[in-house]
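Chemist: Here are the chains, one letter per residue:
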Amino acid sequence: MLKKKLSKKRKTYIAAVRALMLISTAVTCTVAAFVVIYVIVKGVPNISWQLLSTAPSYLADTIGILPDILNTLYIVLATLVLILPLGVGAAIYLTEYATNKKIVAAIEYAAETLSGIPSIIYGLVGMLVFCEFFGMGTTLLAGAMTLVIMNLPTIMRTTQESLKTVPQSYREGAFGLGAGKWRVIRTVVLPGCVDGVVTGCILTVGRILGESAALLYTAGFAHALNGIIEGLGRSGATLTVALYVYAKEQGEFEIAFAIASILLLLTFLINLAAAMTAKFFKRRTAQ
Amino acid sequence: MNAKKKKRLFENIIHAIFLVLGLLTVGFVLLISVYLVISGIPAIREIGIADFLFGKTWASTAAEPKYGILPFILTSIYGTAGAILVGVPVGFFTAVYLAKFAPVKIKKFMEAIVGILAGIPSVVYGLVGMLVLVPGIRSLLNVPDGASLLAAIIVLAIMILPSIIKVSMTSLEAVPPEYEDASLALGATPEETYFRVSVPAAKSGIAAAVVLGVGRAIGEAMAVMMVAGNVANMPSLLQSVRFLTTAVASEMSYSEGLQRQALFSIALVLFFFIMLINAALNFFLKRDKEK
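From first to last, the protein sequence lines stand for chains D and Z.
Start counting the first sequence at 20; every next residue gets the next number (the numbering used here).
Start counting the second sequence at -11; every next residue gets the next number (the numbering used here).
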């Protein structure tokens, strides 16, 4: 009844925006589906046990990505080990200690600036500072340190969010019982921010998996098989960098697609893990 | 008394440690800025700022090298503008649909899709673009090489979609329902209400989403490197072009001397653009919060 009373102009407007919304949503959905399906169809058939379990060999003329998988793992571990104390510490300073509003504003502005800087600039500065100034050379460790600077705002923000949910009364209760500030932080505040730390770690791992520009000139692109300790001191390609090198420099598209499908699978897992931890911690806090 | 003093000293040390950790981000930003300025200035001085910024030829390996980065600057601006022109309308309408109209199931599903789009590494976009878009453009438009500004624009538009959708949705969902109820009660249809009341109310957040997209697009290196052909031409839609980011990345591995310093200067110019964009982003976010 009401619809009949609408003027023609209004009806066209409604039809137009409706169509635009549906088309846009369909486009978004199609693009995502196309990329995912295309990569999986082209990549999964190329994944073989030999690809996953060997290093590239010039003698046998085979390509294996085991070194790249290991390098990715090493760089993720090294980054997390370095970033956790720094990021969590910074978040604790902001929520527990900082009283000067100007300092807080400066820190938050700096964190926002850091998250806006493109990864190629991180790569360049990482190369100048870690590889050249500190004389570390092109190594996985230099790459990991570059990633630490890059991801610090993420860990800081997620930890800060979860610190805010620790009830003020817990802290006051502990203070009332005569605990010092450090003791309160260690026993009351820190256990309360586990969820934020875990979420931050998952997000960071996701970003490291996708990162290439920051690592190309800091961690390099060698494919040698190393243990974790010696590996960190040498140059090595992560999966993403290896994908780039195989596709752009060597024209090995089958290998590139195999790596791309592995990366997509890992992305699904990361998204799933993030959603599950969020649910898990929500349920726990609800109880 | 002594124990009390000791305890106070201990607490002060801990406080100092946390203060240092807290100031780390500020330190890192300073470190990056200082390093870029120090390593970027010498080449600009040597080449001359006007010749560097407005020179139309980049021939770094020629016998008489020329270091003009106007092609890179313009390519980055055109490429980003193109990506915004294509990506923002699609992202905006998707965001309004998902925030206001979509049934819960579709919304959940699409949010997962957007999450996946956001998580796909940029080199994967580059790879798909290289093997689908580039040959597609070549055969559809009948040009000798499909690796072009157009290919880069399409890839960038797809890459900025998820951040535009997410940020716009957040700000649309934060619009007070009273506004919408009032409009609906006055007889406006849902479409009119959401587009003429909610969207204007969320405009700071949507502007922030656009600026965020600009930052993403201008800073992207690897995907663009794989689809744009990487020749230092003045920008034109169907020609191979080089962006600011790819100019740095493509010559870094073998450059030395003045050429290498010029690359740092390009990075400094890029950093300058990013700082401007960050300032704009902060402005919109703050305005959004104040309301």
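Keep in mind that a hint or two might mislead.
[Unchecked claim] Using C-beta positions, here's what the derived DEER-type ranges look like:
| hint | chain 1 | residue 1 | chain 2 | residue 2 | range |
| --- | --- | --- | --- | --- | --- |
| 1 | D | 209 | Z | 188 | 42 to 48 Å |
| 2 | D | 187 | Z | -4 | 52 to 58 Å |
| 3 | Z | 246 | D | 268 | 21 to 27 Å |
What the hints contain is simulated information worked out from the structure, not anything from laboratory work.
All figures in this text were calculated on a predicted structure; none of them were measured in a lab.
Think of the CB as a built atom: it goes at the ideal place given N, C-alpha and C, for glycine as much as any other residue.
Chemist: Take the hints in turn and mark each one as holding or not.
Modeler: Comparing the hints with the structure gives:
no., hint, result
1, D/209 <-> Z/188: 42 to 48 Å, "holds, 44 Å"
2, D/187 <-> Z/-4: 52 to 58 Å, "violated, 24 Å"
3, Z/246 <-> D/268: 21 to 27 Å, "holds, 26 Å"
In summary, the one numbered hint that this structure violates is 2.
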